[in-house]
Amino acid sequence: MVETCYIPKDLAEALRIRKETGAHPIAGGTDLMVSHRRGTGVVPKFPWPVIIITQLKELQKIEVEDGEVSIYAGSTCHEIEVSELVPYQVRKAASLMGAQSLRNLATIGGNICNASPKGDLPVPLIMLDARVELVSATGKRQMLLDEFIDGPKRTKLQDDELLARIIIPQPKAPFTYLWYRKIGTRRANAISKLSMSAAATVDTHGIIVDFRSANGASGPKVARSRAVEETIIGLSVDVLAERLPAFLDAYDAILSPQAMPQYRRSSTRKMLEHFLSEVSRRPDTTIIE
Amino acid sequence: MTRDIQFVLNGKDVAITCDPLKRLLDVLRDDFGLFGTKEACGEGECGACSVLKDSKIITTCMVPMGSVQGCEIMTIEGLRETARGKCIIEAFADGGAVQCGFCIPGMVVAAESLLASNPDPSEEDIRLGISGNLCRCTGYDLIVESIRLAAKRGKGLW
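If you read the sequences in order, they're chains L and A.
If you want my numbering, it's the 1-based position in the first sequence plus 49.
If you want my numbering, it's the 1-based position in the second sequence plus 21.
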């Protein structure tokens with residue numbers, strides 16, 4: 050008989066079940082239990098067998114090794130928000146996801162593999178060049194998170210694989226300035242209408258040696274363009290103001306022309322303008338409000 | 022397909038044989054007769070179905086029973102028997118926090134979850150602490166006041 054639900058005891062058993070059945074992983078349940086619910090007193094029904102992975106201890110840790118932060122896929126938003134090992138923007142994004150009750154259930158692995166264009170955690174993670182590690186019964190592989198998320202609700206996860214961890218590399222030099230903003234409706238449980246994560250490193254001579262920016266809820270997947278970022282890397286903060294209009298136009302062009310009401314474009318423009326004008330002022334605070 | 026699932030419910034070891042995808046909310050209400058945990062939205066927005074799972078607040082409408090194996094679940098029926106629960110419930114009654122009452126079990130669980138991590142919360146902390154719980158009657162002010170009252174009266178409990 051084909052099982053409808055598997056509850057493996059450990060990761061090895063989970064990977065064997067994935068290989069043999071291709072059952073779909075379910076972790077916190079905050080997306081899947083809601084999208085497949087059928088009403089009061091009725092058991093949710095899934096069109097495929099599922100494998101519950103909430104209990105897998107191997108997927109529940111956050112650690113630092115060789116300067117890289119590993120957030121294992123079963124870590125909840127709450128665990129991420131309170132971890133001092135995790136970079137600011139990722140903690141901030143996790144802390145603004147729904148209410149406490151949701152953050153105690155929802156996992157980073159679910160938020161990534163659900164691959165919603167409005168997902169909150171991929172935005173700062175992609176900005177930070179995060180990689181994913183995918184494991185199967187036969188091995189493991191890594192790729193950039195930006196490549197792993199293929200499009201809306203689509204990832205490169207194979208039927209026999211599980212997302213094991215997200216690896217955040219250290220920037221060459223610590224960022225001098227950080228930015229994260231989420232625009233939604235109700236503060237608890239708001240789905241992002243727009244979110245933006247940015248970071249800049251300015252050296253002692255006032256040269257911008259690193260700059261990154263990523264947008265969520267702005268198209269089929271997180272919008273980031275290294276080519277556009279390059280246009281202001283290497284500039285002195287003194288000339289930033291005059292280069293800003295051209296940069297903002299180029300950034301605007303990477304946002305999807307479809308899923309993009311005007312207010313998203315104008316808000317993105319204003320946020321970048323604000324962040325970069327603060328950077329050129331070179332304030333003492335790291336976090337730009 | 023059913024599974025045997027053991028967990029701790031309001032301090033007692035319990036076992037149930039059920040579909041592992043059945044929601045914890047339905048098990049609490051239909052199988053254990055614990056009607057204090059309410060269903061309103063069914064999608065994690067309203068907080069009426071909140072309980073504590075291993076001392077952390079969760080919405081039970083999103084939780085499949087298969088992930089409850091070995092966990093400690095505390096519902097309003099268990100919480101009201103504790104000194105902390107009694108303190109919050111009395112403060113809610115004295116502070117006039119309750120109108121229709123439907124959201125109140127969830128609000129009491131949210132108050133316990135908040136006070137456990139922050140025994141002396143500011144008004145802003147309280148509003149944030151109950152931000153996952155919707156109330157259609159009170160306008161929240163008397164609930165916020167009552168949680169403040171519970172924190173004051175219950176000094177040392179949390």
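Just so you know, the hints here were simulated from the structure itself, not pulled from any lab data.
All figures in this text were calculated on a predicted structure; none of them were measured in a lab.
Do not take every clue at face value.
Derived, one-sided and incomplete: chain L residues facing chain A with beta-carbon distance under 8 Å [claimed, not checked]:
{"#": "1", "residue": "T70"}
{"#": "2", "residue": "H73"}
{"#": "3", "residue": "R86"}
{"#": "4", "residue": "V92"}
{"#": "5", "residue": "L154"}
{"#": "6", "residue": "V286"}
{"#": "7", "residue": "L297"}
{"#": "8", "residue": "S326"}
We put the CB at the ideal spot given by N, CA and C, even for glycine.
Do the hints match the structure? See the list:
1. T70: With a closest approach of 13 Å, the L:T70 hint is violated.
2. H73: Hint violated; L:H73 Cβ to chain A Cβ min 12 Å, cut 8 Å.
3. R86: Check passed: Cβ of L:R86 comes within 6 Å of chain A, closer than 8 Å.
4. V92: 5 Å, holds
5. L154: At about 5 Å, which falls below the 8 Å cut-off, the nearest Cβ of chain A leaves the hint on L:L154 intact, so it holds.
6. V286: 35 Å, violated
7. L297: At 34 Å from the nearest chain A Cβ, L:L297 fails the 8 Å test, so the hint is violated.
8. S326: For L:S326, the interface hint is violated, since the closest Cβ of chain A sits about 29 Å away, which is over 8 Å.
Of the numbered hints listed earlier, those contradicted by the structure are 1, 2, 6, 7, 8.
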